[in-house]
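Trainee: Assembly of the complex is requested from the two constituent chains, each provided in isolation within its own frame, with the hints serving as guidance.
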Amino acid sequence: MSPELSSTSLQLAFVCPLSAGMHARPASQLAGVANNFVSEWALTNLRNRREANAKSVLSIISADIRHGDRCLVQVSGADEQPAHTALRRFVEEVLPSCDVPLAVSSPQTRNSMPRVLQAAGMNCYFGSSASPGIAHGKVVVVSAISLPKGLTAEIATDPEQELKRIKLAIAAVRERIGQKLTRSSSPLAEAVLRADLAMANDVLLAEKFAEQVSKGKSAGYAVVETGKFFINLLRQSESEYVRERAADVEEISVQLLDEMYGADLETTVLPLQEPSIVVAETLGPQQLLALDRHWLRAIVLEYSGSSSHALILARSHAIPAVVGVKNARLMFSPGQEVVVDGTRGVVVPQFSAAVQRFYEREQRTLQRQKERLADDPSSPAITRDGNTLEVAANASSAEELALAFENGAEGIGLFRTEMSFLERDRPPSEEEQFATYSQAVRLCAGRPIIIRTLDLGGDKAAPYLNLPSEENPFLGYRGARIYADHRELLQTQLQAIIRASAHGRIQIMAPMISSLEEVLQFKDEVAKAKRHLQIQNTPFQSDIPIGIMVEVPSAAFILDQLCSEVDFFSIGTNDLAQYFLAVDRGNARVAGLSNVLHPGFLRLLKRIVDEIHAAGKWVGMCGEMASEMRYLPLILGLGLDEISLPAVKIPELKHAVSQLSTADCKSLLTQIIACREKPEIDRLLASAQASPSAQPLLSEELIVMDSDSRNKEEAMQELVDSFYIAGRTQDRHQLEEALWAREAVYSTGLGFGFATPHCKTTAVTANSIGILRSRLPIDWGSVDSSPVRMIVLIVMREPQTDNGHMQVFSKLARKLMNEEFREHLLAIEDSRNMMRYLGEELDISVSCVGF
Amino acid sequence: MKIIAVTACPTGIAHTYMAAARLEKIAKNFGHEIKVETQGAMGIENKLTESDIRQAQIAIFAVDIEVEGRERFNGLKVVQVPLQEALRNPEGIFRKLQV
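Residue numbers (numbering that gives the first Met the number 0), protein chains in the order written: chain S, 0 to 850; chain Y, 0 to 98.
Honestly, the hints are just simulated from the structure, not real lab data. Using N, Cα and C, we set each Cβ at its ideal position, and we do this for glycine too. Take these hints with a grain of salt, some might be off.
Straight line, CA to CA, 30 Å or less: simulated DSSO-like cross-link-like pairs of lysine-lysine [to be verified]:
(1) S:Lys605 <-> Y:Lys34
(2) Y:Lys46 <-> Y:Lys76
(3) S:Lys759 <-> S:Lys665
(4) Y:Lys95 <-> S:Lys810
(5) S:Lys163 <-> S:Lys137
(6) S:Lys810 <-> Y:Lys1
(7) S:Lys810 <-> Y:Lys34
(8) Y:Lys46 <-> S:Lys814
(9) Y:Lys95 <-> Y:Lys24
(10) S:Lys759 <-> Y:Lys46
(11) Y:Lys34 <-> S:Lys759
(12) Y:Lys27 <-> S:Lys810
(13) S:Lys179 <-> S:Lys207
(14) Y:Lys34 <-> Y:Lys76
(15) Y:Lys1 <-> Y:Lys27
(16) S:Lys759 <-> Y:Lys95
(17) Y:Lys46 <-> S:Lys810
(18) S:Lys665 <-> S:Lys616
(19) S:Lys814 <-> Y:Lys34
(20) S:Lys137 <-> S:Lys369
(21) Y:Lys1 <-> S:Lys814
(22) S:Lys166 <-> S:Lys214
(23) Y:Lys46 <-> Y:Lys1
(24) S:Lys605 <-> S:Lys529
(25) S:Lys814 <-> Y:Lys95
(26) S:Lys227 <-> S:Lys179
(27) Y:Lys24 <-> Y:Lys46
(28) S:Lys810 <-> Y:Lys24
(29) Y:Lys27 <-> S:Lys814
Sample of chain Y residues at the chain S side, in silico, Cβ under 10 Å [unchecked claim]:
(30) Cys8
(31) Met17
(32) Ala19
(33) Gly30
(34) His31
(35) Gly74
Just chain Y, same shape as in the assembly (with noise of 0.2 Å):
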């Protein structure tokens, strides 16, 4: 499955980041390609061009912090969980993907 994802956190400084480690690692071990974007105290980063969403089946935001740029997504299903969600059990939000 071609996944994107955005991770942001309130001061952008270490979860925003160990999450996206999170989220790519474990989605490499479910066979899935992913691609994260970091909204964090350095702005965006690895921004999600308008191929890859067009491209992409389905979006996750593991976010304690409004996306920027949400309409970027408009029309692309989106599974949204709290950041914390993305380190405490990052298995679970796949799963639910593949049902």
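Isolated chain S, as found in the complex (with noise of 0.2 Å):
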């Protein structure tokens, strides 16, 4: 219908007074009032001449209506005259109270990018890491809606009868939300339920219900292609409210499927054909192994916690991912090409030719540092105080082991088996379950290895095991609790890891123990596996050892009976944690406060170690704890045996190994444990970090002779990537921050075409000095408005620790004030010679090697 003045219609114009535009919820309550008339009410947008049904919510949502737009609507039809009158009270009463505050990223994240992409405008969108790395790809979503098996192709030979399955399936849905609408009490819910529930009696969709099955289509393939086509729809609009709509399709479009055909709903498998990233609500370990892991590039989830199951494995194989990316999937378009940051947690669409350099150095950064931290990746990790720590892998599959001992592991820590019992029918046979264990043994080649036996429940389901859905998994039918039900299954795999024990070092654990009698029983149905094995005469070792998982708070104050049991413990830290400081991983309101640096928590573990050592028994650890860097100093300090860890951290923590010492740790831990507040521990553990003395001010690494950088932001991002490869940095953000607040004082820029950036802070590992000479002039903003070609960084550790080399940057400073001294840097030709030419002129020892 067309805007202009008609002699049949009574029409109002008014402009868009919501800040956020007309989002779902004034969409619904205007197609509420117009429903209660007969006549027709069309709406169109000026500014962009769509036109709308106004009573069907999806067609004024796709109206894309932005603040500040002007609208018409006209009225048509019988009942016209008193249908004005309610429009008007809308527009005047109803509309201006429905506005919702904005939606924005805070500022707080929007600066914790790089300056290089902040200056470049970056726009993209904010999640958190749950996976390191940076790819690049095409977007694949995993999309909710999905026929049953078999209904792909499905055609209808009788329209009316799917038209009416529809039907009822919108009336249990809406009754469904009905019901939920009297319990709700709280006002968004309620908002959020009228949404639905207004999406569920929306006109248009069910006009093209009618649409697709008049055509023949049957009632499933209706909705999924109606609800495909209302998400493409709105995900195409320019508002970021209008776009998120589309998750009350999808919403609806399930509740529907659901209704129609229950539990046949099958989970989409992806087939991937190029480089891809693969956009999810949420993914279970089972689908992310299903994925084609030589296309897989990265994965963007919706979910937010960031240590489930499948996050793991994505670490464990190095594949970047994103989590808690709102509306992902509605936010990208399938086949659009994105970067995913997953070091930062961001995911970048439509990158400017600036934001892809960043990209671009960045994974040559990257590239880089792992180079330089594989030199010797065999060599044992040895503090400075001659200490040994073994560090060994965590691994899921036979075929990560290659990659586990390229990276230096000494051995797998934690061999996990649950994975070859999901997303099949029946679990693996004791010949499937040997064949398994004994080439993960073989390629081992005498290293030791734990495997655990099953671990399922929780997030891991298998159908087979019919395990009963719970309402907290978490602390339901899980782990070493299911095996008392399952003795067969349990047998079955013992035998085959004993088997397999004739071909190696096999250790075998056990999982979420928090009783003497599960480890008595454990330990029964190792002997009756034995004993059956000795009968067939088959081959193994005899004396394997038997350990358990220390994950449950319970068992750690029984280590004493536990002790005299078993022949050694693993600390599982993110069970253990989340059990001791009752926070639900997952959940991202309180994730926060699962912090295992906790003092409690850091007790807990101090405990642990101590009275398993006093039992001359060896603990190690296996939790995601052992893969942070910056707990390090505590798990020296703690004295473990082993830690164990994704195959990918293990160079970088071989090589922070040897920069701390056994007994600094120890006395860190002991302070640490004291300690009331957390800003104290945090400063503490900065303050542990490597030993200033075992780096030299200058080394090689840390001059760039002939950079191409374009600007400042480039130039000091390259500079702290100098000190990122060289492992003198493990938090680039904090020191190129520090670096910048210099910056906002005054220009470090001295004039003559040099510039001498430089800060405090806690982000070092050492006192340095950086060089940086650039082929192109960079504005610094210098003192005399020359550009700048010379950059001499200083970057001070705090707490400070050497006066030494305060005195050679004063004195390099002040030559920096001589002419001669100026002109031979810009002249030297290669950073060798600048090395040996700064060595002298400071008087100060050089490095030109690595560490």
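Mentor: Now the structure itself:
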């Protein structure tokens, strides 16, 4: 219908007063009013000339009405007079009160990005980092709207019947929402339910269903296609608010399908055909494993917990992942090219040349850092005071072991066995398991491997076990608790493991032990399996060590009893922290409380290690805490025998160990355990990083002689990156921000084409001098307004420990005022000579090799 | 002329010393005798003694932060400039002293 004046209609013009535009709530209210009348309600957005039927929420939303848009509504029909009055009342009285605050990403998040990206005005979606790394690829969306098995191409024979099915489903869904509404106590939840209800009632949606069905499609097909049609339509809107409404359409579509087909619905598995970024609401471990790893580049999830098993797997396979990206499936279109920055937790669509350049450089930086650490992966991790820490890898399949040993793993500290039990109709046979375990043992080539028996339940379910769905699975029927009811399953697995022990150094570990009885039963089962194999004359290693996971707090308080029954222990920090601190690690609202730095938790760990050692037994750690470099001083302080972590982190960890001293770490732990407040803990931990004396002031890798940086941001980033590659900082953001904070006082450009950015920070491991000589003139805001070619970076480590270095810095600063010295720096041809010259001039020893 | 000076910047790592070097050099060009105390990350260095202060005709403070022990200079004529001035235009500072 056109917005022109018509003799048979009444019209009303208005300007949209809502800062978030005409989003679902006002749209559903307007449709609610309109549907009380038989007259037609035609709405036109005069900005984009889009026309809508005001009786349909979807139609109104699709008109993309934004703040300040002029709109015209025309009502025509038998009751147009009262309809017009109702419309006027709505526009004047109801509409203005429908406003909601605009959701904007907090400046705090935006400021956490590197300055290069900030300066490039990067447009990105924020989530949080779940697995580091950079990846580039095309979006593949795991849709929640899917058909039951075998229905994909179904053609219906009786359209009437199909339409009836849809109508019945709509009625049922409406009824369900209505019931929820009567129970709802929060206004926000109520608003959401009302929007869902309006969507279920939507006339446009009903029209589309009817259209599909009249073409001979089945009810299920009609719902799927209609859902996808509207989701695509809404996704194209320029308003984030409207794009988010696609979530409501999805929700209703899923509910309708669920109503029609119930449990027959299939979870979609995607075939990948090119470098792909998989975008999903959430992913189970089995879904992740089903993806073709050859093409899988990164994962983006809407769900926000970071220790789910799928994400642990992603980390162990070095697949970058960003989680907690709101409505990710609706924000990105299938096939769209994006960059996933798993390190910073953002997804970047539509990148400019500057952003692309940043990520190309970033990829080079990460590659160089990795190469540098991997110089000699097989050397053991020895602290500065000569103590060795055994470093092992976590793995979930035999295929990962090659990667583990390439990275310098000295054994496998945790071999998870669940994966081969998932996504299948019956458990793997003894032969199949034996093949897996013996292959793994052979690949270990004499190195020890700790095989953990089945740990199902929680977020890992297998259909054939008929595990009931539980209100609180992490406190439920999982791990060793299911063994009593599934003895056969456990026997089969134990026999397979014990048989494989003939080929190498196997240790068996039981998960989720909370009592002595569980241990005794487990040992009985092991003995039984051995007897069985003995009768069959099957060879195995007779003295296989038996151990348990320490992940339930109750186990930590009966260690004296447990020590007399088992040979070794491995601390699972994820579950132990979750249970001990009463924090659901998947719940974003409390996940922040899951802090392994809680003095109570550290005391618990210390108690565990000390008690086990007092009994002369061995204790390792295989949880996430072991893979966080900043906790390493605490781990060394605890005096663990071994730590086991994702393979890709091992080189970095071994290097970090070599920079620390066990004695210092022990006293640090004692101090931290006594701390009362978090800032104090953070400060102590920061001060415990590598000792300054281990690294010279200047090393060749901190000298960039022929930089192609184009501006101040890039040059600063390049210098910070060189610190990162050299292992002098783990926190590039903190270092960069400290430098920029100094620049904010006044520019460090000192004229003559020189700049001396500098800062004091806890983010570096040692006092350092960095040099960058650029090919291009860089504007630095210098005192003489001339561009800069030579950048001399001075970073002082806090807390300060070496006054000698400060004297070198002041000498350097003074020399920079000397013309001859400056000319010389500009003329030197390569980094080696730069090193030599600075070494002589400043009278310092320099390092041409790395650490 | 006998001049004493104090340089101090917020971080005390670089500019304090660059300004000191600059003031020393330019003072010589102008034929002045100068002693510069630096107040940087290492604390006070090349500290001005009571007799330095007594003998000086003028003090230059090229500072971005409060001068430590300012009371030492009570009674002495002081020219205070932002530290950056000692880098940007040190000659200007000395020219000002002569008029």
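Trainee: Holds or violated: Y:Lys95 with Y:Lys24, Cα cutoff 30 Å?
Mentor: Given that 30 Å is the threshold and the Cα spacing comes to 17 Å, the pair holds.
Trainee: Y:Lys27 and S:Lys810 were given as a pair; does the straight-line alpha-carbon distance stay at or below 30 Å?
Mentor: holds, 19 Å
Trainee: Under the criterion that the straight-line Cα-Cα distance not exceed 30 Å, is the pair Y:Lys1, Y:Lys27 satisfied?
Mentor: Holds: Y:Lys1 and Y:Lys27 sit about 11 Å apart, inside 30 Å.
Trainee: Taking the least C-beta to C-beta distance, is Y:His31 closer than 10 Å to chain S?
Mentor: violated, 17 Å
Trainee: Between the alpha carbons of S:Lys810 and Y:Lys34, is the straight-line distance 30 Å or under?
Mentor: holds, 17 Å
Trainee: Please verify whether S:Lys179 and S:Lys207 have alpha carbons no more than 30 Å apart.
Mentor: With Cα atoms ~27 Å apart, S:Lys179 and S:Lys207 stay inside 30 Å; holds.
Trainee: Keeping to a limit of 30 Å between CA atoms, is the pair of S:Lys814 and Y:Lys95 held or broken?
Mentor: holds, 26 Å
Trainee: The hint names Y:Cys8 as touching chain S; please verify it with the least Cβ-Cβ distance against 10 Å.
Mentor: holds, 8 Å
Trainee: Is Y:Lys46 close enough to S:Lys810, meaning Cα to Cα at most 30 Å?
Mentor: holds, 17 Å
Trainee: Holds or violated: S:Lys227 with S:Lys179, Cα cutoff 30 Å?
Mentor: holds, 26 Å
Trainee: Check whether the Cα positions of S:Lys137 and S:Lys369 lie no farther apart than 30 Å.
Mentor: holds, 26 Å
Trainee: For S:Lys810 and Y:Lys24, compute the direct alpha-carbon distance and say whether it is at most 30 Å.
Mentor: holds, 15 Å
Of the numbered hints listed earlier, those contradicted by the structure are 1, 5, 16, 24, 33, 34, 35.
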